[in-house]
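K.L.:
Chains as they are written, first to last, in the working numbering: chain V, 1 to 427; chain U, 428 to 854.
Be aware that one or more of the hints could be misleading.
[Claimed, not checked] Here are the simulated lysine-lysine pairs, PhoX-like style, with alpha carbons at most 25 angstroms apart:
| # | chain 1 | residue 1 | chain 2 | residue 2 |
| --- | --- | --- | --- | --- |
| 1 | V | K283 | U | K507 |
| 2 | U | K794 | V | K425 |
| 3 | V | K10 | U | K845 |
| 4 | V | K9 | U | K852 |
| 5 | U | K597 | U | K794 |
| 6 | U | K437 | V | K425 |
| 7 | V | K10 | U | K852 |
| 8 | V | K261 | V | K367 |
| 9 | V | K418 | U | K597 |
| 10 | U | K467 | U | K456 |
| 11 | U | K852 | U | K459 |
| 12 | U | K710 | V | K83 |
| 13 | V | K418 | U | K436 |
| 14 | V | K83 | U | K711 |
| 15 | V | K283 | U | K836 |
| 16 | V | K288 | U | K597 |
| 17 | U | K436 | V | K80 |
| 18 | V | K198 | V | K170 |
| 19 | U | K456 | V | K9 |
| 20 | V | K80 | U | K710 |
| 21 | V | K425 | U | K650 |
| 22 | V | K284 | U | K437 |
| 23 | V | K80 | U | K456 |
| 24 | U | K621 | U | K650 |
| 25 | V | K284 | U | K510 |
| 26 | V | K409 | U | K794 |
| 27 | V | K367 | U | K433 |
| 28 | V | K367 | U | K597 |
[Stated by the list, open to error] Examples of chain V residues toward chain U, derived with CB under 7 angstroms:
| # | residue |
| --- | --- |
| 29 | I35 |
| 30 | D78 |
| 31 | N202 |
Think of the hints as simulated: they come from the structure by calculation, not from any bench. Heads up, the beta-carbon is just placed ideally off N, CA and C, and yes, glycines get one too.
Here is how the chains run, residue by residue.
Protein chains: 2
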Amino acid sequence: MNILLKDIKKIYSPAENLSEYKHIEIDGKNIKNIIKDDSKIKNDYDKVIDCSNMVAMPGLINTHTHSSMSLLRGFADDFKLDKWLNDNIWPAEAQLTEEDIYWGAMLAVVEMIKTGTTAFADMYFQMDQVAQVVKKCGIRGILSEGLIEENDGLGGLNASVDFALRWQDKAEGRIKTTLGPHSPYTCSADYLEKIRDKAVQNDLLIHIHISETADEISFMDDKYGLSTVELFDKINLFDAKVIAPHCVHLTDNDIDILADKNVGVAYNPASNMKLSSGIAPIKKLLDKGINVSYGTDSAASNNNLDLIEEARMGSYLQKVATNDPTVLPIEENIKMLTKNGANTLGIKQLGEIKEGYLADIILINIKDQVHQYPSYNYLSNIFYAGNGNDVDTVIVNGEIIMENRNLTKIDEQEVYDKIEQLTQKFC
Amino acid sequence: MNILLKDIKKIYSPAENLSEYKHIEIDGKNIKNIIKDDSKIKNDYDKVIDCSNMVAMPGLINTHTHSSMSLLRGFADDFKLDKWLNDNIWPAEAQLTEEDIYWGAMLAVVEMIKTGTTAFADMYFQMDQVAQVVKKCGIRGILSEGLIEENDGLGGLNASVDFALRWQDKAEGRIKTTLGPHSPYTCSADYLEKIRDKAVQNDLLIHIHISETADEISFMDDKYGLSTVELFDKINLFDAKVIAPHCVHLTDNDIDILADKNVGVAYNPASNMKLSSGIAPIKKLLDKGINVSYGTDSAASNNNLDLIEEARMGSYLQKVATNDPTVLPIEENIKMLTKNGANTLGIKQLGEIKEGYLADIILINIKDQVHQYPSYNYLSNIFYAGNGNDVDTVIVNGEIIMENRNLTKIDEQEVYDKIEQLTQKFC
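Looking at chain V on its own, in the form it has when it is part of the complex (with noise of 0.2 angstroms):
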């Protein structure tokens, strides 16, 4: 299908001033041509989109969730950390069905597409049912089945691979897969260079929670007298390409590791806040280099899956963090949303509007809602008084997946009544 993105009052990607360019041709999944001129445009376009309210930029990228948790979104709030893992998520979570899992991430993949987000970085078990979900709703996944050694062991393993080469570069390319670790307090030393070697001899990525609490510190402080990042380090687990989500309790050491093994960190800042594990050093991380994307982790300790909200508390705190209300500037926010999401997730061609580039783009209307008023900067009124609910049209690989707010491969009530009749079992 060719799409022509017309008269688009701006568009922004991270790496290139675009200020000059009003339309965007796609052309099949990619971005075929950028164009200044209106005598460039076409005439056989099979869908035109009047983007004249519009921001046009790259799709946002969620460098970390577990989307089913959809179904926990709510369900227990306030706790300390060891009381809501062990008395309400973990109980719930041993009676999620295979039904519950499918329903759960087709929530969590409504309300991502609804608030800008065009590819996720997921995380859990029973993956299939969210592979299914990635193929039905045009969203692009990078999905990794959760590996526990207690629960899981070696089995688990071998089907964790053959779940990520069964699906591998599936549903027109929007499915990429990889290893999923879930972390290093439940996954020894030994397990995890088991799953290093398969994951360099497949060429998959490794999906795994590093450095999130204080708790985790200690324990790697008392197994092994490393921090996790040392341990990943001295084990080779590094050899593979690595998406580290949290990395809130770092030493310096630590830092330069990640810097050295260009290993692409998820900040998590909403979750992080609301279970008290502590505040990323953002700051930092950037000085050295180092390619920091953002992720929600799931709905049930966030409570939502908007990067635009993300990003707004993510932003935030690092300034009020550092001191320094230059951190963290609103166009740096957008690249961690975009490009480095991208970077992290190893996908290239993904991340900016460029001519070649896969045609995830997101229009945001800068016209309807209060807050994007007055117009002296539209980032600005976006990132820092939107939210994700003024994005108007999603297009992930060249397909239009909502419009004008519809979504236009879900139907968003046959969702919402689902969930509500599979959640009686919690309530």
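Given the coordinates of chain V, work out where chain U should sit on it, guided by the hints.
P.N.:
Just chain U now, kept in the frame of chain V:
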């Protein structure tokens, strides 16, 4: 006018358990009955609103803002405070006309109503304009003419008392007035004493910035050898009832004084984070029994006036700052947004859903947005996953000022057009 709010999904009020109640009768300005049994409903209401998809709760109260500064939203971001003020905000403010003040306040009031705020405490200049806006728009305004000694002197003080007395209880009682000395670094102890006398003589509250930044504290130490709170205590400023925005940098002694003098604190987390002012010790204040409410500060430093987003950020910030996720749980946060707000402003019979209380009520839609699912806990979904866009209907003083997100007393498009026209001079 008699209004029936019928078949309410959930009525929430901070002080009482209303879980068995289903309907609210409004008569004139007040809540007349809260009804459990359908048989108690009459047949002759002027207006009946179907609330079967709604949570009803007291209107949200913003205890510190500068409404007209919405005209400067997105005008200058990511600057150090001195550069932000000296090179950006103050030069722009010097150009503001009465017309700018009027329409800036109008833009703010549109945003506040659309996000569920029913009362706001404002401090700025040319406040007759703001009073006219409040009068027209149906919201409740607690207004003060800001005083900076060097600019305003005694003449300004007298004019601000005149403003206060002229507008006190006007607009069907929706307008209250206070005195508004800007801060201890723009008003001397001498000047503050004169303001105190005027406040006490005329039974007016004082609205004054307190302990916002570390720079303020060092200024106070240099000039007086006292903290801001200590100086105010020494000069008996607290003989008047004081609205105290910020209170970021406080000693334990300061906190004891604030508790002893019954000062109402306005917590402004977004602005304090964005400007790197610091993190107010809210848990300590609450533990001492201090009445803490929420303010947004202005849209120039926030950058929105959405109290639902403000309270989410405020709660999460306290959880991470205290390393305790049980701090500021949902119900306490709602109390701060409502009942504590009314206490801060000294308005009795406000901030609760209670028979005889002022009918300032908001209805929040819990069916139309993806983040409202699943529905284990409506309050969690509203305050931890949602934002002000979920507010459907707003009633102030018994009058419906927004219904189905349509403002009944303001032409939104006219406001936006006017704002775009007036802000041309700053572009």
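K.L.:
Tell me if the straight-line CA distance from K456(U) to K9(V) falls inside 25 angstroms.
P.N.:
Not satisfied, since the Cα-Cα distance of roughly 45 angstroms exceeds 25 angstroms.
K.L.:
Can you confirm whether the C-alpha distance between K418(V) and K436(U) stays at or below 25 angstroms?
P.N.:
20 angstroms, holds
K.L.:
Has the given pair, K283(V) with K836(U), been kept, meaning a C-alpha gap of at most 25 angstroms?
P.N.:
Measuring from Cα to Cα gives roughly 46 angstroms; hence the hint is violated.
K.L.:
Starting from K80(V), check that the Cα of K456(U) is at most 25 angstroms away, please.
P.N.:
43 angstroms, violated
K.L.:
Per the CB criterion, is I35(V) less than 7 angstroms away from chain U?
P.N.:
26 angstroms, violated
K.L.:
Hey, K437(U) versus K425(V), does the alpha-carbon distance stay inside 25 angstroms?
P.N.:
21 angstroms, holds
K.L.:
Between K794(U) and K425(V), is the straight-line Cα distance small enough, at 25 angstroms or below?
P.N.:
Satisfied, since the Cα-Cα distance of roughly 20 angstroms is no more than 25 angstroms.
K.L.:
Is the straight-line distance between the alpha-carbon of K367(V) and that of K433(U) 25 angstroms or less?
P.N.:
Judged against 25 angstroms, a Cα distance of about 34 angstroms means the pair is violated.
K.L.:
Going straight from one Cα to the other, do K283(V) and K507(U) come out at no more than 25 angstroms?
P.N.:
16 angstroms, holds
K.L.:
Next pair to validate is K418(V) with K597(U); report whether the Cα-Cα distance is within 25 angstroms.
P.N.:
Answer violated: K418(V) to K597(U) is near 51 angstroms, above 25 angstroms.
K.L.:
For a C-alpha distance cap of 25 angstroms, please report whether K10(V) and K852(U) respect it.
P.N.:
21 angstroms, holds
K.L.:
For the pair supplied as a hint, K284(V) and K510(U), confirm whether the alpha-carbon distance does not exceed 25 angstroms.
P.N.:
Holds - the C-alpha atoms of K510(U) and K284(V) are around 24 angstroms apart, at most 25 angstroms.
Checked against the numbered hints given earlier, the structure breaks hints 5, 8, 9, 11, 15, 16, 17, 19, 21, 22, 23, 27, 28, 29, 31 and satisfies all the rest.
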